[in-house]
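Chemist: Okay, here's what each chain looks like letter by letter:
There are 2 protein chains.
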Amino acid sequence: MRSGKRNRGSTPAVRGPGRPAGEPAAAVRRALIDAARTLCIETGLDAATTKSIAERAGVNPAMINYYFGSKEGLGRAMMLESMQPVLEQLESAVGAAALSLGEFMRGYMRALASNPWLPQLVVREVLPANGRFRELFFDEIVAHAGPLLRGLVDRAGGSQAADTGVDPALLPVTIASMAVFPFLAAPVLERALDVNPFDAATTDRLIAHNLALLGRLFGTRTLQ
Amino acid sequence: MRSGKRNRGSTPAVRGPGRPAGEPAAAVRRALIDAARTLCIETGLDAATTKSIAERAGVNPAMINYYFGSKEGLGRAMMLESMQPVLEQLESAVGAAALSLGEFMRGYMRALASNPWLPQLVVREVLPANGRFRELFFDEIVAHAGPLLRGLVDRAGGSQAADTGVDPALLPVTIASMAVFPFLAAPVLERALDVNPFDAATTDRLIAHNLALLGRLFGTRTLQ
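Sequence order for the protein chains is A and B. Read left to right, the first sequence gives residues 1 to 224 (this note's numbering). Read left to right, the second sequence gives residues 1001 to 1224 (this note's numbering).
Treat the hints with care, as some may be off.
[As the list claims (entries may be wrong)] Residues from chain A that keep clear of chain B, each with C-beta distances beyond 12 angstroms, as calculated:
#	residue
1	A31
2	Q84
3	A96
4	A129
5	L148
6	D167
7	T174
8	A176
9	R191
10	R205
[Said to hold, decoys possible] Label-pair ranges, simulated between beta-carbon atoms:
#	chain 1	residue 1	chain 2	residue 2	range
11	B	T1164	A	G151	35 to 43 angstroms
12	A	S159	B	N1065	35 to 43 angstroms
13	A	T38	B	R1110	34 to 42 angstroms
14	A	E55	B	D1034	19 to 27 angstroms
15	A	A208	B	D1034	26 to 34 angstroms
16	B	S1052	A	E91	40 to 48 angstroms
17	A	A169	B	E1135	52 to 60 angstroms
18	B	N1065	A	G165	34 to 42 angstroms
Hint data in this document are derived by calculation from the structure and do not stem from the laboratory. Just so you know, even glycine gets a beta-carbon here, dropped at the ideal spot from N, CA and C.
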């Protein structure tokens, strides 16, 4: 909102209850989303209070209700924004008729590597039995990822792999394991194998490695 | 402790402070460990109080301090017991000079499939930044799993895979992804792909599938 719209001539700005003075709206929203994300990763959203989130963001706690309705609303906005890069990846993949398994692997792993908080949010609020964003993540991401992976494996010739004892119906599980596990289990991999998948050079090595493995399973032709 | 040792002749039993009457010690400990595990998976240990754990176990809350010193002590005993099947798997693998990658894959996946709470405890208390059992899990399992996986990959001829663009140093990451991710991400896989890795028939299919994939990467000879 432009400030000229709020201040008409010499009339003082009319503000709704709790409307923040001073700070621009976008900056306050941004600071709150960042603070909610940091605290969600550090301690989980249950342990974070509106007070602790507002403190971390450097704004008045009332701003949470003003902009997001509640801590829940802020959490949901934060999760949706955090999922955005992967959502975009899925949407462009679903839209592209000729996308290959290799392109998908590359795009998806790059999206995860560039947004290190997403795997951590999934560990916190999707995988646990009472994960707060489980349904949101299922509806927005998982529901599309399944059919997409199955389609990509089919087009890459997954059914031919059955000759060698490989189960075509389980190949999407393998692809997901190779693409997602390193980021989900990053702290473990770093300790066990000195591999940090969020390090840019390591991400590239992992992608090249996974593409080489897929090439051995499917033949390199189908992956380009 | 045998009861004859506590009850000397007709003298009433002398009990230390808080020593439970009636219930046998093993049963009380068992009930507390089971309750702690259930609540840790359902809500996380932070949210579980000694009162709620004792209530779930059907025992007096004082029994937690009596047997385990504290909620922390109970949690640690519960985690150590839950890791036991995988620890045994690792120990026998480290001890076996001629163990193959295939045998390890089979044994490790069976251990995870038969102990569905372990992956859930890892999601709750190992993978998050402030995971309460992160160090315990790292020291007991991760520290041994890294060298073991590297050794198995080496012996299976992983270095030869480099000719085809596969990175031998990343093969242990791939093996861990294939063996662990399905159990860690079980709720997601069930929704996305209708695959429940804890279902006995599905576990067997996943193991056979992974062994077939390893066979294509390493040759079947080295996996037997």
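Chemist: Are any of the numbered hints broken by this structure? If so, which, sorted upward?
Modeler: Hints 4, 5, 6, 7, 8, 9, 10, 11, 12, 14, 15, 17 and 18 contradicted; others consistent.
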